[in-house]
Structures are given as structure tokens and as C-alpha cells.
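Start counting the sequence shown at 1; every next residue gets the next number (the UniProt record's numbering).
Keep in mind that a hint or two might mislead.
[Claimed, not checked] Quick list of the computed label-pair ranges, beta carbon to beta carbon:
id	residue 1	residue 2	range
1	Ala-68	Val-5	23 to 33 Å
2	Ile-10	Ile-112	38 to 48 Å
3	Cys-141	Ala-107	45 to 55 Å
4	Gly-126	Val-5	14 to 24 Å
5	Gln-54	Ala-137	44 to 54 Å
6	Trp-129	Leu-100	35 to 45 Å
7	Trp-57	Ser-111	11 to 21 Å
8	Trp-20	Leu-94	52 to 62 Å
Everything labelled a hint here was simulated from the structure, so no lab data went into it. Here the structure is a predicted model, which means the values were calculated and not measured. Cβ coordinates follow ideal geometry from the N, Cα and C atoms, glycine included.
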Amino acid sequence: MPWYVACFWIVSALLVLAAWLRGEWPERVIATTLFVGVVLTRLVRSPLAIRYHQLEWRILVLDLITFAIFVLVAVRSDRRWPLFAAALMVPSLLAHLGHLINPGFHADGYSIAGLTTYLLLPVIAGGIWRTARRSRAASACERGSAPAS
Numbered sequence: 001m002p003w004y005v006a007c008f009w010i011v012s013a014l015l016v017l018a019a020w021l022r023g024e025w026p027e028r029v030i031a032t033t034l035f036v037g038v039v040l041t042r043l044v045r046s047p048l049a050i051r052y053h054q055l056e057w058r059i060l061v062l063d064l065i066t067f068a069i070f071v072l073v074a075v076r077s078d079r080r081w082p083l084f085a086a087a088l089m090v091p092s093l094l095a096h097l098g099h100l101i102n103p104g105f106h107a108d109g110y111s112i113a114g115l116t117t118y119l120l121l122p123v124i125a126g127g128i129w130r131t132a133r134r135s136r137a138a139s140a141c142e143r144g145s146a147p148a149s
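Kindly generate the complete structure, drawing on both the sequences and the hints.
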């Protein structure tokens, strides 16, 4: 496993933990959905010899479910970052569409589209950080002291 993939797994697992410890429902849902989606993608993808040389229907379904959950969280929450998370799923969906339209679509297209998954990590981390910061500020206001900057 390449070092950047190992880092992705470690950081995404830590983000799930942080979301459950410091986040609220939007952070928990999105961090957990991403992690579960990545695990399931590893389980349902085609064997290496034929991987991404045909439309990956099972991965497409997982990506659509993940995108739908991200959009639902974006619509129901009072935060903006879930919308960015949903937007970062679009390249993956477009890669599937490209393969559906042109079966000769190169496997590198899937790889490049998958890179946006790495960009989800700082977006989720920022959402958790902002929620924790907002929570600390609210606690400080309830105690009657000024929030720390």
C-alpha cells in the first residue's frame, strides 16, 4: 500500500473519531459516511486485472448514496461545508458518466476523479474544528466569560 493511501486511512479514521468526540450530527454523518463508503468501495471493486476497465456499477451506487447523504446533510444542517463535501463527490460521479458514455474511457480517469476524495479530509477536519470552536464559545458565553480567540 502506498504511503499516501495509508495516510488517507489513518487520517479518515481519526476524523471519524474526532467527529464523534467533538462534532455534532453533520460532522458525524459525513465523516462516518465517507469512511464506510471507502471501506465498502474496497470490498466491492473489481479484481485488479479488470479494475476500472469497465463501468464499476457497485462503486457508482456507493458514490451515488454517498453524494445523496452529503446533499441531504447540506440541506438539513446550518453549515456550509457539507455543500463543499457534496461538490467534491461530483468528479467521481462524472467519471462514471464518462465511462458510461465512452466505454473506452481510460482507467486513469477513475484514478484522477478519486483524488478529490483526499480533498474531503481537510473539508471535514475544518467542519469539526469550527463546530468544536463554536461549542467552546457557546460554553464560555453561558459561563459569562469572554471566549478565547
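To see whether the hints hold, each was checked on the structure:
no. : hint                          : verdict
1   : Ala-68 - Val-5: 23 to 33 Å    : 26 Å, holds
2   : Ile-10 - Ile-112: 38 to 48 Å  : 23 Å, violated
3   : Cys-141 - Ala-107: 45 to 55 Å : 53 Å, holds
4   : Gly-126 - Val-5: 14 to 24 Å   : 22 Å, holds
5   : Gln-54 - Ala-137: 44 to 54 Å  : 51 Å, holds
6   : Trp-129 - Leu-100: 35 to 45 Å : 38 Å, holds
7   : Trp-57 - Ser-111: 11 to 21 Å  : 18 Å, holds
8   : Trp-20 - Leu-94: 52 to 62 Å   : 31 Å, violated
In this structure, the earlier hints numbered 2 and 8 are contradicted, and the remaining ones agree with it.
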